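Line by line, the protein sequences are chains Z and A.
Count the first sequence with our numbering and you get residues 1 to 276, in order.
Count the second sequence with our numbering and you get residues 1 to 312, in order.
Since the hints were made in silico from the structure, they are not lab data.
Since this is a predicted model, take the numbers as computed values, not measurements.
Here a beta-carbon is modelled for each residue, glycine too, at the ideal position from N, C-alpha and C.
A portion of the hints provided could be inaccurate.
Short derived list, chain A residues pointing at chain Z, Cβ under 8 Å [to be verified]:
1) A145
2) W163
3) V246
4) T247
5) F250
6) F265
7) L289
8) L293
Taking CB as the label site, the calculated pair distances span [said to hold, decoys possible]:
9) Z/Q221 to A/I15: 37 to 47 Å
10) Z/W179 to A/A291: 55 to 65 Å
11) A/P115 to Z/A105: 29 to 39 Å
12) A/A76 to Z/Q221: 56 to 66 Å
13) Z/A38 to A/D92: 48 to 58 Å
Each chain is listed here by its residues.
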Amino acid sequence: MIPRALRGRATAPAAVVLVLLLAYVLLWPAVSPYDSQAIDLDGGRQGPSLAHPLGTDQFGRDLLTRLAAGGRTSLLIAGGALAVILLLGWAYGMAAALAGGRVDATMMRAVDGLLAIPRLPIAIIVLVLLGFQAQNVWATVLALSVGGWMLTARLVRGHVLTVKTRDYVRASRAAGARWGYVARRHVVPNSAGVVLVAALLELPAVVVGEAFLSLLGVGPQAPIATWGSIAYEGWRFSRTREMALATAAIALFAVCANVLADAFGDALDPRRGPAA
Amino acid sequence: MSLAAFALRRVLVTIPLLLLVMLATFALMRGTGGSPFEPPEGYVGVPYQQERVLRRHYRLDEPWFLEFAVYVKNVATLNFGPSLVNRHLTVDDVIRGALPVTLELVLLAAAWAVPVGVALGVWAGVRRGSARDLAATSGATFLLALPVFFVAYLLSTYLVTRWQLVPDGWETNGAKVLPALALGLAPVGYVARLIRTAVVEALQEDYVRTARAKGLRERRVIWVHVLRNSLAPFLAGAVPMIALLVTGAFFVEQAFDIPGASTFFLDAAFTRDYPMLMGLTVVLAVLVLAANLVSDVLLAAADPRVREAQAR
């Protein structure tokens, strides 16, 4: 969806930014002189300084450290939700496409139905189901997964349906191979690429999804920091800096993942041709 | 297959989908721990007398399939029942009072976002590869990536609360401008990207060359021949766009103190007010499915191949 002219040029920078962001999130909390949860009420609401390059929040916590620690939790949630989404979506899409016919039609109609409810309300309902007492990282993972697997299922199914018509599959069938063998030997290995694309497409959605839940007050509870919870505190205390920092982190991450998803989608689909 | 038969067929398919949505929500609700009759701190539950009435009304003490059947029957007659937590409120009150506000907000946002997005997408698509295309497309990507809560926060905090340039709430027309603006930004980016891709692809088609070769003006080629063929991807993108709008409405309503349905939905979640959650979810699903239906029928009207594919 990114224009082809931009695609080729943007891919490498996006990958670099993503790696830098990951390095910051994973490594900085260990290196930083501050604890992301240590409260220092006298040092609250400081502007940027050498000691605190991004300033401090309402409770005197160093924002550079808190943003990294929050990112770590956000990405942990995103990774967990992504794993469940890919597994569920892959299995469902694969099953529908391999079964074909009426079974396929019914299964995909069910996906259409579930897609009629946007995933934020679904996630909130799942959190209700979990009873809110478990408002932790794993509840958020589950809530995001339940509403998120349908598009992956659709993507995998579409891909498998095209693979089923390819010459090498027909040749294999003509040579007498059973469907089970063809599925194992050709169809399943061939779905690796489409799963990768689905992963990159869903990655921004789950990161943003965590932020949405936290901002509505149903995400992981304090003192756990996530990008969403940092934004939530910014919202509650009218602190534009926290809001802007968390938003920038989320948006940067989402855009980079999107650019990479487009690039991989092109690379896996020879008909779409390389970037101009 | 005639268009009417196609439409009828799609309507019939939608009904089991709706039942499926209801069953899925119902299963989620039914499996939950905790009770709406023991609300969390800060909420007042209903008195015991009324609890008994409500239990009887919703058949809460009977097998789940009976409870579900009665619920479906009631919903089919547009009776969504009373709230389990607020004794002075029924789900129908919220659907008639608050939901139209949310709907108005969403429609206002779509009303400006779709034309602007289409125009931007066409403008960028016909200039593909140029610097102006790059600028427009980067802009669209930026709008799509810009989280709605941030825009809503900035506009409401500064323009409404601090500088008091615009009133909050939903009473005056002036108060509706900023929320509709904030909610529409991401859809503009989404539509623009969708249309741009479709336009770029359509421009390479033979019928565009034919149209040009027979001497049609470029303006007519673009706005009639090319744009008509980007209708399919646009309609296919309708559901994700509705999701953007509905999700965004939660934050925009919270930020601008708009008396829409999102507050009721969140309160119902906190207090486990199942009929309220289910009622709002079902109505939301009906609206999305109806929009989906309309877009499918429009697509079939524009493209006979779609009708034939369905008939097979």
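55 to 65 Å was suggested as the range; check whether the CB atoms of Z/W179 and A/A291 agree with it. Violated - the Cβ-Cβ distance for Z/W179 and A/A291, about 39 Å, lies outside 55 to 65 Å.
Interface hint outcome for A/L293 [beta carbon to chain Z under 8 Å]: Because about 10 Å separates A/L293 from the closest Cβ in chain Z, which is outside the 8 Å limit, the hint is violated.
Can you verify the interface hint for A/A145: is its Cβ closer than 8 Å to any Cβ in chain Z? holds (5 Å)
Lying within 48 to 58 Å: is that true of the beta-carbon distance Z/A38 to A/D92? holds (51 Å)
Taking the closest Cβ pair, is A/L289 under 8 Å from chain Z? holds (5 Å)
Taking the Cβ atom of A/A76 and the Cβ atom of Z/Q221, is their distance within the range 56 to 66 Å? violated (40 Å)
Let me know if the C-beta of A/F265 comes in closer than 8 Å to any C-beta of chain Z, holds or violated. holds (7 Å)
Against chain Z, is A/F250 within 8 Å by beta-carbon distance? holds (7 Å)
Please check whether A/T247 passes as an interface residue: C-beta within 8 Å of a C-beta belonging to chain Z. holds (5 Å)
Can we keep the A/V246 interface hint, with Cβ of chain Z closer than 8 Å? holds (5 Å)
Verdict for A/P115, Z/A105 (Cβ pair) under range 29 to 39 Å: holds (36 Å)
Using the nearest Cβ pair, does A/W163 come within less than 8 Å of chain Z? violated (13 Å)
Hint compliance for this structure: hints 2, 8, 10 and 12 are not met, and every other hint is.
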